[in-house]
Amino acid sequence: MGEAGAVGLYLPLDLASRAPLQEQIYAGLRSAILDGRLLPGRRLPASRALAADLGVSRNTVKGAYLRLTGEGYVRGRTGSGTYVVPELPEALLRPDAGLPADHPVSSGTGGGFGGGDPEGAPERRKGGGSGARAEDERPGRSVSLRGARLAGIPAKVAVATGSPRPFRPGMPAVDAFPWRVWSRITARRWRGPPRRWLAYGDPAGYRPLREAIADHLRSARAVSCSWERVVVVSGSQQALDLCARVLLDPGDEAWVEEPGYPGAKGAFSGAGAKLVPVPVDGEGLDVAAGEKLAPGARLAFVSPSHQYPTGVTMSLSRRLALLDWAGRRGSWVVEDDYDGEYRYAGAPLPALQGLDEGFGEAGAGRGPSSGRVVYVGTFSKVLYPSLRLGFLVAPPDLVEAFVVAKELADRQAPTMEQAVLADFISEGHLATHLRRTRALHARRGEALASAIRTRMDGLLEAEPPAAGLHLLARLAGGSGRRKGSEGVGPPQDDRRASEAALRSGVEALPLSAFHAGPPARPGGLVLGYAGFTEDEILRAVERLEGAFAARGRG
14 MGEAGAVGLY LPLDLASRAP LQEQIYAGLR SAILDGRLLP GRRLPASRAL
64 AADLGVSRNT VKGAYLRLTG EGYVRGRTGS GTYVVPELPE ALLRPDAGLP
114 ADHPVSSGTG GGFGGGDPEG APERRKGGGS GARAEDERPG RSVSLRGARL
164 AGIPAKVAVA TGSPRPFRPG MPAVDAFPWR VWSRITARRW RGPPRRWLAY
214 GDPAGYRPLR EAIADHLRSA RAVSCSWERV VVVSGSQQAL DLCARVLLDP
264 GDEAWVEEPG YPGAKGAFSG AGAKLVPVPV DGEGLDVAAG EKLAPGARLA
314 FVSPSHQYPT GVTMSLSRRL ALLDWAGRRG SWVVEDDYDG EYRYAGAPLP
364 ALQGLDEGFG EAGAGRGPSS GRVVYVGTFS KVLYPSLRLG FLVAPPDLVE
414 AFVVAKELAD RQAPTMEQAV LADFISEGHL ATHLRRTRAL HARRGEALAS
464 AIRTRMDGLL EAEPPAAGLH LLARLAGGSG RRKGSEGVGP PQDDRRASEA
514 ALRSGVEALP LSAFHAGPPA RPGGLVLGYA GFTEDEILRA VERLEGAFAA
564 RGRG
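Its first residue numbered 14, the sequence shown is counted upward by one per residue in the working numbering.
One should not assume that every hint holds.
What the hints assert, rightly or not - Dumping the calculated SDA-like pairs for lysine to any residue here, alpha-carbon to alpha-carbon at most 25 Å:
{"no.": "1", "residue 1": "Lys287", "residue 2": "Arg88"}
{"no.": "2", "residue 1": "Lys287", "residue 2": "Ser157"}
{"no.": "3", "residue 1": "Lys75", "residue 2": "Ala64"}
{"no.": "4", "residue 1": "Lys75", "residue 2": "Gln35"}
{"no.": "5", "residue 1": "Lys287", "residue 2": "Gly85"}
{"no.": "6", "residue 1": "Lys287", "residue 2": "Asp337"}
{"no.": "7", "residue 1": "Lys305", "residue 2": "Gly264"}
{"no.": "8", "residue 1": "Lys287", "residue 2": "Leu411"}
{"no.": "9", "residue 1": "Lys305", "residue 2": "Arg342"}
{"no.": "10", "residue 1": "Lys305", "residue 2": "Ser330"}
{"no.": "11", "residue 1": "Lys287", "residue 2": "Leu306"}
{"no.": "12", "residue 1": "Lys305", "residue 2": "Gly49"}
{"no.": "13", "residue 1": "Lys75", "residue 2": "Arg61"}
{"no.": "14", "residue 1": "Lys305", "residue 2": "Gly295"}
{"no.": "15", "residue 1": "Lys287", "residue 2": "Ala302"}
{"no.": "16", "residue 1": "Lys75", "residue 2": "Pro99"}
{"no.": "17", "residue 1": "Lys287", "residue 2": "Asp262"}
{"no.": "18", "residue 1": "Lys287", "residue 2": "Val259"}
{"no.": "19", "residue 1": "Lys305", "residue 2": "Asp262"}
{"no.": "20", "residue 1": "Lys75", "residue 2": "Arg31"}
{"no.": "21", "residue 1": "Lys305", "residue 2": "Pro263"}
{"no.": "22", "residue 1": "Lys287", "residue 2": "Ala59"}
{"no.": "23", "residue 1": "Lys287", "residue 2": "Thr82"}
{"no.": "24", "residue 1": "Lys287", "residue 2": "Glu304"}
{"no.": "25", "residue 1": "Lys287", "residue 2": "Glu266"}
{"no.": "26", "residue 1": "Lys305", "residue 2": "Tyr96"}
{"no.": "27", "residue 1": "Lys287", "residue 2": "Ala334"}
{"no.": "28", "residue 1": "Lys75", "residue 2": "Ala32"}
{"no.": "29", "residue 1": "Lys75", "residue 2": "Gly92"}
{"no.": "30", "residue 1": "Lys287", "residue 2": "Arg258"}
{"no.": "31", "residue 1": "Lys287", "residue 2": "Gly41"}
{"no.": "32", "residue 1": "Lys287", "residue 2": "Leu26"}
{"no.": "33", "residue 1": "Lys75", "residue 2": "Ser60"}
{"no.": "34", "residue 1": "Lys287", "residue 2": "Pro263"}
{"no.": "35", "residue 1": "Lys305", "residue 2": "Gly340"}
{"no.": "36", "residue 1": "Lys305", "residue 2": "Asp337"}
Claimed, not checked - Simulated DEER-style distance windows between Cβ atoms:
{"no.": "37", "residue 1": "Ser399", "residue 2": "Pro33", "range": "32 to 38 Å"}
{"no.": "38", "residue 1": "Arg424", "residue 2": "Pro206", "range": "14 to 20 Å"}
{"no.": "39", "residue 1": "Asp228", "residue 2": "Glu413", "range": "19 to 25 Å"}
{"no.": "40", "residue 1": "Arg342", "residue 2": "Leu421", "range": "24 to 30 Å"}
I should point out that these hints are in silico values taken from the structure, not numbers from a laboratory. Remember, it's a predicted structure, so these values are computed and weren't measured experimentally. Heads up, the beta-carbon is just placed ideally off N, CA and C, and yes, glycines get one too.
Kindly produce the complete structure, drawing on both the sequences and the hints.
Quick look at the structure:
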């Protein structure tokens with residue numbers, strides 16, 4: 014791991030942005046200094062090492078360092094390196110200090126998960142309205158420090174929108190969804206709904222849906238819960254945001270998988286937590302490494318059933334080690350079981366939460382429960398993403414805090430959609446849909462892996478997926494050029510491979526974008542397959558091969 018990895022920074026670059034790379038590097042490092050990810054006295058990576066990690070020229074990095082030095086954020090030591098100054102002057106603590114007028118933090122128009130107020134920003138710039146009064150009271154500051162952190166979270170955290178193209182991850186087989194059944198239930202529920210459904214509902218969720226979710230989780234995922242512990246949320250991303258609000262204080266350390274889900278990193282860092290990237294290997298999160306890096310971390314985030322993005326399943330020994338650590342330290346484990354219903358090969362392991370609470374065969378005999386796991390799930394990967402219904406299962410002592418946090422965030426999930434989903438589950442339609450789509454997803458995953466082996470040998474390496482909705486295709490030699498060709502680049506070359514794919518009409522996320530530091534292995538592409546027909550998959554692989562061939566000629 015290079016020095017950029019040693020500082021644990023999540024510093025991806027948006028190559029499609031109009032902002033110069035030097036400006037992006039400067040803004041990212043400055044944000045890390047202000048929000049405490051780069052502590053006073055901490056050494057920055059050597060300019061040569063950071064340039065190699067980011068795939069940019071050394072002069073680009075040196076320019077960003079010089080600007081930080083000139084503005085007083087860092088200080089160079091001859092023969093030693095560049096360090097964050099021990100104490101920042103008060104003037105530099107303003108979120109918009111040193112930033113251009115059109116920068117997201119300065120203008121309040123940031124993208125991603127932490128966008129500012131696009132309607133209020135013009136008023137502030139014009140000097141009128143309530144925004145101007147706020148600036149009079151707090152000169153030079155347009156957003157809070159937390160707002161600055163949120164605006165600094167990369168836009169890459171946000172998922173792609175619009176009509177999906179192969180191989181966008183996270184898309185289930187919506188073409189196989191039982192729309193007639195869903196429409197019939199919806200029409201029935203809208204035929205004279207009770208007045209109480211049209212008023213405000215329980216922030217914890219519609220009780221019949223909470224009961225149906227609890228029954229489903231006990232039987233399908235070996236989760237230990239009663240309906241009272243289920244909180245209905247607007248998708249798993251909101252569940253992660255609520256976990257950050259309820260479980261973390263600013264400055265708390267949080268283990269995150271390396272590589273790992275950007276949405277979790279964004280939620281936790283936005284709350285002021287210090288992210289601790291913990292490596293993932295063939296057995297999942299390396300708990301021993303996590304204990305060495307931050308033994309007293311407040312929280313650990315894991316996706317044990319099907320790690321995102323590597324697809325690894327966390328071994329039983331690692332699961333037990335993680336639960337042991339959480340129990341000893343009084344720390345929390347957030348289990349993201351985003352697509353745990355889809356397993357195609359091998360014996361599925363029960364949910365970590367059920368293992369912790371002694372539910373089912375795997376959990377029997379573990380001894381007293383630590384009760385330290387918050388279980389997160391979603392219907393986006395089972396039904397369709399725009400449904401925006403998910404859930405979390407909280408330890409009994411935390412239920413009230415999560416319900417209040419949900420109420421303050423958006424009051425409640427829509428009652429009618431909850432009622433339709435409750436009927437869909439209780440009438441057996443969900444179980445039927447899962448049986449059908451498991452077989453369909455497995456065929457589509459095999460079709461993608463087979464097409465890669467046939468058409469892209471020497472360019473990509475992929476195995477048929479054992480679970481989930483996506484697979485990870487490794488770049489042969491780490492560059493996306495056929496083995497034996499010249500010009501093999503560093504692991505970050507998967508970004509250029511991803512750009513070439515996008516130009517050919519194929520969505521392929523680069524593995525390096527999921528890393529906080531430099532990837533230790535060859536790069537790769539994260540390819541979603543479940544939401545696309547076998548014909549669409551084959552045509553997309555042909556376009557991908559053509560894009561790689563054109564790139565190789567270039």
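Verification of the supplied hints:
1. Lys287 <-> Arg88: holds (23 Å)
2. Lys287 <-> Ser157: Roughly 18 Å separates the two Cα atoms, so the pair holds.
3. Lys75 <-> Ala64: holds (9 Å)
4. Lys75 <-> Gln35: holds (9 Å)
5. Lys287 <-> Gly85: holds (23 Å)
6. Lys287 <-> Asp337: holds (22 Å)
7. Lys305 <-> Gly264: holds (18 Å)
8. Lys287 <-> Leu411: holds (22 Å)
9. Lys305 <-> Arg342: holds (14 Å)
10. Lys305 <-> Ser330: It holds: about 18 Å lies between the C-alpha atoms, which stays within 25 Å.
11. Lys287 <-> Leu306: This hinted pair holds, its Cα atoms lying about 12 Å apart.
12. Lys305 <-> Gly49: Holds, because 21 Å separates the two Cα atoms, which is no more than 25 Å.
13. Lys75 <-> Arg61: Answer holds: Lys75 to Arg61 is near 9 Å, not above 25 Å.
14. Lys305 <-> Gly295: holds (19 Å)
15. Lys287 <-> Ala302: The hint holds at about 17 Å.
16. Lys75 <-> Pro99: holds (21 Å)
17. Lys287 <-> Asp262: holds (10 Å)
18. Lys287 <-> Val259: holds (16 Å)
19. Lys305 <-> Asp262: Status holds; Cα separation ~22 Å.
20. Lys75 <-> Arg31: It holds: about 20 Å lies between the C-alpha atoms, which stays within 25 Å.
21. Lys305 <-> Pro263: Within the cut-off at roughly 22 Å; holds.
22. Lys287 <-> Ala59: holds (22 Å)
23. Lys287 <-> Thr82: Distance ~24 Å between Lys287 and Thr82 Cα, so the pair holds.
24. Lys287 <-> Glu304: Roughly 15 Å separates the two Cα atoms, so the pair holds.
25. Lys287 <-> Glu266: holds (5 Å)
26. Lys305 <-> Tyr96: holds (24 Å)
27. Lys287 <-> Ala334: Roughly 22 Å between the alpha carbons, so the hint for Lys287 and Ala334 holds.
28. Lys75 <-> Ala32: holds (17 Å)
29. Lys75 <-> Gly92: holds (15 Å)
30. Lys287 <-> Arg258: It holds: about 14 Å lies between the C-alpha atoms, which stays within 25 Å.
31. Lys287 <-> Gly41: holds (15 Å)
32. Lys287 <-> Leu26: Roughly 20 Å between the alpha carbons, so the hint for Lys287 and Leu26 holds.
33. Lys75 <-> Ser60: Given that 25 Å is the threshold and the Cα spacing comes to 6 Å, the pair holds.
34. Lys287 <-> Pro263: holds (8 Å)
35. Lys305 <-> Gly340: Roughly 17 Å between the alpha carbons, so the hint for Lys305 and Gly340 holds.
36. Lys305 <-> Asp337: holds (15 Å)
37. Ser399 <-> Pro33: 32 to 38 Å: holds (35 Å)
38. Arg424 <-> Pro206: 14 to 20 Å: holds (18 Å)
39. Asp228 <-> Glu413: 19 to 25 Å: holds (23 Å)
40. Arg342 <-> Leu421: 24 to 30 Å: holds (29 Å)
Of the numbered hints stated above, none is contradicted by the structure.
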